[in-house]
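Chemist: In order, the protein sequence lines correspond to chains A and B. For what it's worth, the numbering used here labels the leading residue of the first sequence as 2, then goes sequentially. For what it's worth, the numbering used here labels the leading residue of the second sequence as 2, then goes sequentially.
Hints are supplied without guarantee of correctness; some may be wrong.
Heads up, the list lumps identical chains together, so a pair's fine if it works in one copy or across two of them.
[Said to hold, decoys possible] Capping the alpha-carbon separation at 27 Å, the derived lysine-lysine pairs in BS3-like fashion look like this:
1. K348 / K581
2. K362 / K331
3. K402 / K105
4. K268 / K402
5. K304 / K585
6. K105 / K521
7. K402 / K362
8. K348 / K304
9. K126 / K521
10. K105 / K500
11. K146 / K256
12. K99 / K260
13. K521 / K99
Rather than coming from a laboratory, the hints here were simulated on the basis of the structure.
Number of protein chains: 2
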Amino acid sequence: MYRTRTCGDLRLADEGLVVTLAGWVQRTRKMGGMTFVDLRDRYGITQLVFNMEQDAALCEQANHLGREFVIQVTGTVRERSSKNANLPTGEIELIVSKLTVLNKALTPPFTIEEDTDGGDDLRMKYRYLDLRRAAVRRNLELRHKMAFEVRRYLDEQSFLEVETPVLVNSTPEGARDFVVPSRMNPGQFYALPQSPQTLKQLLMVSGFDRYFQIVKCFRDEDLRADRQPEFTQIDCEMSFVEQEDILNLFEGLIKHLFKTLRGIEMKEPLRRMTWQDAMKYYGSDKPDLRFGMPFVELMDVMKGHGFSVFDNAAYIGGICAKHAANYTRKQLDQLTEFVKRPQIGAKGMVYARVEADGHVKSSVDKFYTQEVLQQMKAAFDAEPGDLILILSGDDAMKTRKQLCELRLEMGNQLGLRDKDQFACLWVIDFPLFEWSEEDQRFYAMHHPFTSPNPEDIPLLDSDTGAVRANAYDMVINGVEVGGGSIRIHDSQLQDKMFKLLGFTEERAQQQFGFLMNAFKYGAPPHGGLAFGLDRLVSIFAGLDSIRDCIAFPKNNSGRDVMLDAPGELEPGQLEELSLKVELK
Amino acid sequence: MYRTRTCGDLRLADEGLVVTLAGWVQRTRKMGGMTFVDLRDRYGITQLVFNMEQDAALCEQANHLGREFVIQVTGTVRERSSKNANLPTGEIELIVSKLTVLNKALTPPFTIEEDTDGGDDLRMKYRYLDLRRAAVRRNLELRHKMAFEVRRYLDEQSFLEVETPVLVNSTPEGARDFVVPSRMNPGQFYALPQSPQTLKQLLMVSGFDRYFQIVKCFRDEDLRADRQPEFTQIDCEMSFVEQEDILNLFEGLIKHLFKTLRGIEMKEPLRRMTWQDAMKYYGSDKPDLRFGMPFVELMDVMKGHGFSVFDNAAYIGGICAKHAANYTRKQLDQLTEFVKRPQIGAKGMVYARVEADGHVKSSVDKFYTQEVLQQMKAAFDAEPGDLILILSGDDAMKTRKQLCELRLEMGNQLGLRDKDQFACLWVIDFPLFEWSEEDQRFYAMHHPFTSPNPEDIPLLDSDTGAVRANAYDMVINGVEVGGGSIRIHDSQLQDKMFKLLGFTEERAQQQFGFLMNAFKYGAPPHGGLAFGLDRLVSIFAGLDSIRDCIAFPKNNSGRDVMLDAPGELEPGQLEELSLKVELK
Numbered sequence: 002m003y004r005t006r007t008c009g010d011l012r013l014a015d016e017g018l019v020v021t022l023a024g025w026v027q028r029t030r031k032m033g034g035m036t037f038v039d040l041r042d043r044y045g046i047t048q049l050v051f052n053m054e055q056d057a058a059l060c061e062q063a064n065h066l067g068r069e070f071v072i073q074v075t076g077t078v079r080e081r082s083s084k085n086a087n088l089p090t091g092e093i094e095l096i097v098s099k100l101t102v103l104n105k106a107l108t109p110p111f112t113i114e115e116d117t118d119g120g121d122d123l124r125m126k127y128r129y130l131d132l133r134r135a136a137v138r139r140n141l142e143l144r145h146k147m148a149f150e151v152r153r154y155l156d157e158q159s160f161l162e163v164e165t166p167v168l169v170n171s172t173p174e175g176a177r178d179f180v181v182p183s184r185m186n187p188g189q190f191y192a193l194p195q196s197p198q199t200l201k202q203l204l205m206v207s208g209f210d211r212y213f214q215i216v217k218c219f220r221d222e223d224l225r226a227d228r229q230p231e232f233t234q235i236d237c238e239m240s241f242v243e244q245e246d247i248l249n250l251f252e253g254l255i256k257h258l259f260k261t262l263r264g265i266e267m268k269e270p271l272r273r274m275t276w277q278d279a280m281k282y283y284g285s286d287k288p289d290l291r292f293g294m295p296f297v298e299l300m301d302v303m304k305g306h307g308f309s310v311f312d313n314a315a316y317i318g319g320i321c322a323k324h325a326a327n328y329t330r331k332q333l334d335q336l337t338e339f340v341k342r343p344q345i346g347a348k349g350m351v352y353a354r355v356e357a358d359g360h361v362k363s364s365v366d367k368f369y370t371q372e373v374l375q376q377m378k379a380a381f382d383a384e385p386g387d388l389i390l391i392l393s394g395d396d397a398m399k400t401r402k403q404l405c406e407l408r409l410e411m412g413n414q415l416g417l418r419d420k421d422q423f424a425c426l427w428v429i430d431f432p433l434f435e436w437s438e439e440d441q442r443f444y445a446m447h448h449p450f451t452s453p454n455p456e457d458i459p460l461l462d463s464d465t466g467a468v469r470a471n472a473y474d475m476v477i478n479g480v481e482v483g484g485g486s487i488r489i490h491d492s493q494l495q496d497k498m499f500k501l502l503g504f505t506e507e508r509a510q511q512q513f514g515f516l517m518n519a520f521k522y523g524a525p526p527h528g529g530l531a532f533g534l535d536r537l538v539s540i541f542a543g544l545d546s547i548r549d550c551i552a553f554p555k556n557n558s559g560r561d562v563m564l565d566a567p568g569e570l571e572p573g574q575l576e577e578l579s580l581k582v583e584l585k
Numbered sequence: 002m003y004r005t006r007t008c009g010d011l012r013l014a015d016e017g018l019v020v021t022l023a024g025w026v027q028r029t030r031k032m033g034g035m036t037f038v039d040l041r042d043r044y045g046i047t048q049l050v051f052n053m054e055q056d057a058a059l060c061e062q063a064n065h066l067g068r069e070f071v072i073q074v075t076g077t078v079r080e081r082s083s084k085n086a087n088l089p090t091g092e093i094e095l096i097v098s099k100l101t102v103l104n105k106a107l108t109p110p111f112t113i114e115e116d117t118d119g120g121d122d123l124r125m126k127y128r129y130l131d132l133r134r135a136a137v138r139r140n141l142e143l144r145h146k147m148a149f150e151v152r153r154y155l156d157e158q159s160f161l162e163v164e165t166p167v168l169v170n171s172t173p174e175g176a177r178d179f180v181v182p183s184r185m186n187p188g189q190f191y192a193l194p195q196s197p198q199t200l201k202q203l204l205m206v207s208g209f210d211r212y213f214q215i216v217k218c219f220r221d222e223d224l225r226a227d228r229q230p231e232f233t234q235i236d237c238e239m240s241f242v243e244q245e246d247i248l249n250l251f252e253g254l255i256k257h258l259f260k261t262l263r264g265i266e267m268k269e270p271l272r273r274m275t276w277q278d279a280m281k282y283y284g285s286d287k288p289d290l291r292f293g294m295p296f297v298e299l300m301d302v303m304k305g306h307g308f309s310v311f312d313n314a315a316y317i318g319g320i321c322a323k324h325a326a327n328y329t330r331k332q333l334d335q336l337t338e339f340v341k342r343p344q345i346g347a348k349g350m351v352y353a354r355v356e357a358d359g360h361v362k363s364s365v366d367k368f369y370t371q372e373v374l375q376q377m378k379a380a381f382d383a384e385p386g387d388l389i390l391i392l393s394g395d396d397a398m399k400t401r402k403q404l405c406e407l408r409l410e411m412g413n414q415l416g417l418r419d420k421d422q423f424a425c426l427w428v429i430d431f432p433l434f435e436w437s438e439e440d441q442r443f444y445a446m447h448h449p450f451t452s453p454n455p456e457d458i459p460l461l462d463s464d465t466g467a468v469r470a471n472a473y474d475m476v477i478n479g480v481e482v483g484g485g486s487i488r489i490h491d492s493q494l495q496d497k498m499f500k501l502l503g504f505t506e507e508r509a510q511q512q513f514g515f516l517m518n519a520f521k522y523g524a525p526p527h528g529g530l531a532f533g534l535d536r537l538v539s540i541f542a543g544l545d546s547i548r549d550c551i552a553f554p555k556n557n558s559g560r561d562v563m564l565d566a567p568g569e570l571e572p573g574q575l576e577e578l579s580l581k582v583e584l585k
C-alpha cells in the first residue's frame, strides 16, 4: 500500500502520528520560508507543510510540484495554528519528512475545482479530469449509494435480481432499436433491448414471483436535451398483485431512498392524483407539486361579456400567484412574450391584480364589471396582493399545456421550485387508449399488455376512449421518474385489446405471438414498473441534467467525444459481418 | 394481493389459520373421496385437500385442474395425518373452501420436476417453463445472492460501483468486437465492450480510488462449450496499491462469499503458487487442487536405460494414483486410449503398480531393473497399492499438458473432484511475455499495460522471456474464476514495453494513445482484477455448465432459440443505417 491513511480522515485526535498519504497536488502556496501543499484524494484534502529552515532540499522539491502531480508523502500530524472550519481535516496539517513524486502531470486544460473554468465540450473531452472534481464525483457516489439501497430494499422484499440478455430480438413497436450484426448468422441482427419488458413478463410466467434488475436499456432516438442513447432502469415485476400492492411496495422504496440518501423521513402516504385531475388542475401528467397554483377554470365567469377572445374560447383558465401583484408592466409583458413563444404557442395573456383594498385591476377592465372581476377573484380564493394570470384557447388540452408552462415559469420566478424540497406524487387512472386524429384509430397509451381498470371493462366497446388503465406513474418535482402497469393475463381480454387496437389476428401473432404463446402455459396475474435511475439520481442530487450523474455520457449526436466513438471499422471487419456501408 | 401467505411458509404452528394461497398446480391425486393437489410457487409446495363428502362441487372442480394451471385457493391449515419430512411444509395441509382458476395452462412439453424429461433443445426453446424447475431457479437465486454479497463486501471496502458505457469504441487488439452501426453517424460503428479495462483505468486517473462494477461484457468468438457471447464480470480496480494489497482484499471477498453462500469458513490464507510451479507440478496454469497427484519428473531416473522412447524424450514425468494398483489391464488400456486421443495427443503411456510386497511391476519391465523401478517408486513416495502413470515427449510443455489431462481424468475416476469441496488458489508470477514461434516476436501474456515484477525490470533487455509479471489468477477447483494485474503507471516503462512488443511509436500512439495521453495528466499506481460471475456461480452451485446459471443463455451458434434472435431486419432499417447486407 502506498499510504497508511487517506487525505480525508486525519483529525486533531491523530496529532503526533506519523502517517503516509498519497494523492494529487491540488495547489501549492509559498509563504515566507514555508511551502503549503493541498493534497487531494477521493476522501478529502489534507494540508502538507514544508519548512525551508528545517529541510531546505525537501522544501525546494515541494516548490517544484505542479498542479495534479501524483505524490506520496510521509510526515507527522500537527495541530494547525489557523484552522479551516470548512474542511473536515481543517484542524490539522502534516509536517512532511519525505516526499516521492509518483507521477508528474501536464497542466490540466481546466481547473480541477468545485466550479471549473472548463466549458462543456472541453470537460467532456477530458472527462477523466472532470471526474476529479468533487462536484462531479459526489453525483457518482450518490448513484452508487442509490443503486445499493435499491438493491438492499428489494432484496429484503424477496425480489430476485435476474440478468436478462443484452443481445435480443428486434421489437417492431416502440422506438428505434440499436442493432448488432451477427457474424455467425450472416445477414441477421440482434437488437439491444429498449427495456426487458417481454423478458420480465416471461419471468413471471416462470414463477419468479418478484423480479428486479438495474439494467442498461437502449433507444436509437434523435437525442433531445436530457436523453441518452443508453440509460439505466430499475426494472421490476411482481406476480399475484393488484395495483394497490405495487403502489405500496414502491412507495416504500422511494421513502427508503429519501431516508437513507437524503435523511428525509416521509411519514404520510404519498399523494395520489388521477390523470384527469392532473390535466385539469396542472395541465400535465407530471405536475410539479412543490407549489400550489392550481388551474381555475373560468368559462362560467368570464364568457359572454363581450371580450371576443374569451367569448370564442373553448377553454378559459388561470392561475393565482400569491403576493405577486407587485409584478411590473415590464415583467408582465415578458410573461406574455414567454407564453407567445412558438414552443408554447399561446395567443396572449390576460392578467389581473388584487389591490390592497380588494379591488381587482385587470388588463381587460373595459370588458368586465368589477362585479364579474370579484366573482373571478372568488373563484381563485385570491387575496389582496395576488396576481392572476389567465390564458384561453380553442383547444382545452392545448391551452392547459400552455398554462402549465406559465405556472412552472411563475414557480421559477417566485422561487417555489427549491431543489432541496421534494414533492412525490402517484399519477393514476391513465387513459388506456389514445386517439390518433391522424390515423383515426386508438393507440395503447402505454403498451398493448396494459390492463384496463376492471370497473371500466364494460366500457371497452361502448366508450373506448373513457376506459382507464391500471397504469401509474411516479412523479417527483414535475419529473416522471417511473411508471408501470398491471398487465393483462387473461387471453380473451388480450384478444379484445388487440382487436380494439386494430391488430389483425395474424399481425398480433407475428408481433406478440411469442409472449402470447408463453402465456398459454399458465400466466399468473402480474404487474410492475420501472424507474429511470439517471433521472432519480439527478433529482436526488438537484442536477439540471442527467449527464452530470453519468460517468461517461454521450453528447447530443450520440458521440462519446472522449473515446471518439462511434468510429469507422476496418474493411475486413465489415466483410466478416457480410455488410457494406452505403452512404447517401 | 391474490394471497395472504406463500406456498413455502405454512407450518404446524399455523394450524387453524384461514389463508389464501396462489400458485401453479404441480400435480393432483384422487384417493377415495379425496382429491390432493400440490400447489407450487417460488417459495415451496403446499398440499391442498378437497373432500367429496364435504363439498362435492368444489372437489369436482379440483378434479378438473390440469398440470400448471394457475389457481387461487382459500382454506384452513390442518395438521397432516401422514407427514412428509422432505418438505418444509410437510406437516400441514390446506382444507380448501374456495378455488378460483386464475389461468388455465396447456400441458407443458416436458415435466416441471427437479429432474425433467426435457432435452436441452426443448428446454431452451421453452426456457420460461424450464425456469419453473426448482433446480434451475435455485441457481438463479444463488446468482442473485452472490451479486448482492459481492456488492455488500465491496461497498464496505469503500468501492464505488460506476457504470461504464456499453456503446464504446472498437479496440484493435484482443478478441473480435460486436459492433453497433450508428444511424446518426452514418458509416460509423460503436463496439460493445470486451471489458471495461480502459475505462476503469481512466477512473483511477480520475481519482476514484476503488472502483467495481458487475457488468456485461461481449466477445464475438466462435463459441466453444461454456462460452457465451455475452457474459458478466465482477470488474475491479484500485489505486495506490501493490499486488499484495489486491490479493488480500479479494481473498477476503472470496472467503466472504464462501461463508455467506455456502456456510464454509476458510480461516487459513488461500494457497499461492507460482506459474512456474503450477506448470511444473500440474501442467496447467489452473491446477485443480482438490486432490494431490503432483507431477514427478523422472529424467534422472528413467533416462539412459535402453528404452528408446524415454531415452529420446525431452521430458519424462508421471503421477502416482494412490490405491489404484487394482486397475485392470482393460482400464489401463482405456487410459492409454484417453491420452492418445487427438485432443490430447500423447504417443503412449507407461504404467507401474506397486505390489503388496513393495515390488514394482511396470509395463516396461524389460528395460528397467527392479533397482531403477524402486528409485522411481521412491521419487513418487509411492506405497504398496499405488498406481504410477508416466508420459514422455519431446516438448516438455506439451507433455505436461497431456499429463495434466491424465491427472484430471484420474481425479474423476477416483472420485477426487467432489463438487462440494473447494480448493482455492492464487497463481502468481505469470511470465510477462509469451514468445510466438510463428511470428518470431514476444506478445504480452495479459495486455501491454501489465507491470513487470519490479525485481525483474533489469532483465527486460537481457532475458526478456524470463521477466515475471505482477499478474495473478484466482483458480477454484481447476477453473480460472478471475485474474488481473498491477498496471504500468510510469510512461518510460510503458514506452519500453511497447518497444519490446514491437510497436512503432505511431502504432502505439494510434492504438493506445488515448489512454497514454490520459496518463500524462497524473496517473496513480493502480491495479485490479476481474472475476467471471457466470463461472463463479457455476462453481458455487456445482454446475457443469455456465448456461445453467444464466436465465436466458444462447446456444453454440450464438442464437437465443426462445426469442429467435438474431433475425432479419426490415429493409427500411438497413437503409436508415446506411448498410447493405452482402451474403457470400
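Chemist: Evaluate each hint against the coordinates.
Modeler: Verification of the supplied hints:
no.: 1; hint: K348 / K581; verdict: neither (51 Å within a copy, 49 Å between copies)
no.: 2; hint: K362 / K331; verdict: within (16 Å within a copy, 110 Å between copies)
no.: 3; hint: K402 / K105; verdict: neither (56 Å within a copy, 46 Å between copies)
no.: 4; hint: K268 / K402; verdict: neither (32 Å within a copy, 66 Å between copies)
no.: 5; hint: K304 / K585; verdict: neither (56 Å within a copy, 73 Å between copies)
no.: 6; hint: K105 / K521; verdict: between (66 Å within a copy, 7 Å between copies)
no.: 7; hint: K402 / K362; verdict: within (26 Å within a copy, 96 Å between copies)
no.: 8; hint: K348 / K304; verdict: within (17 Å within a copy, 103 Å between copies)
no.: 9; hint: K126 / K521; verdict: between (52 Å within a copy, 15 Å between copies)
no.: 10; hint: K105 / K500; verdict: between (69 Å within a copy, 22 Å between copies)
no.: 11; hint: K146 / K256; verdict: both (15 Å within a copy, 24 Å between copies)
no.: 12; hint: K99 / K260; verdict: neither (44 Å within a copy, 42 Å between copies)
no.: 13; hint: K521 / K99; verdict: between (73 Å within a copy, 24 Å between copies)
The structure does not agree with the numbered hints 1, 3, 4, 5, 12 stated previously, though it agrees with the rest.
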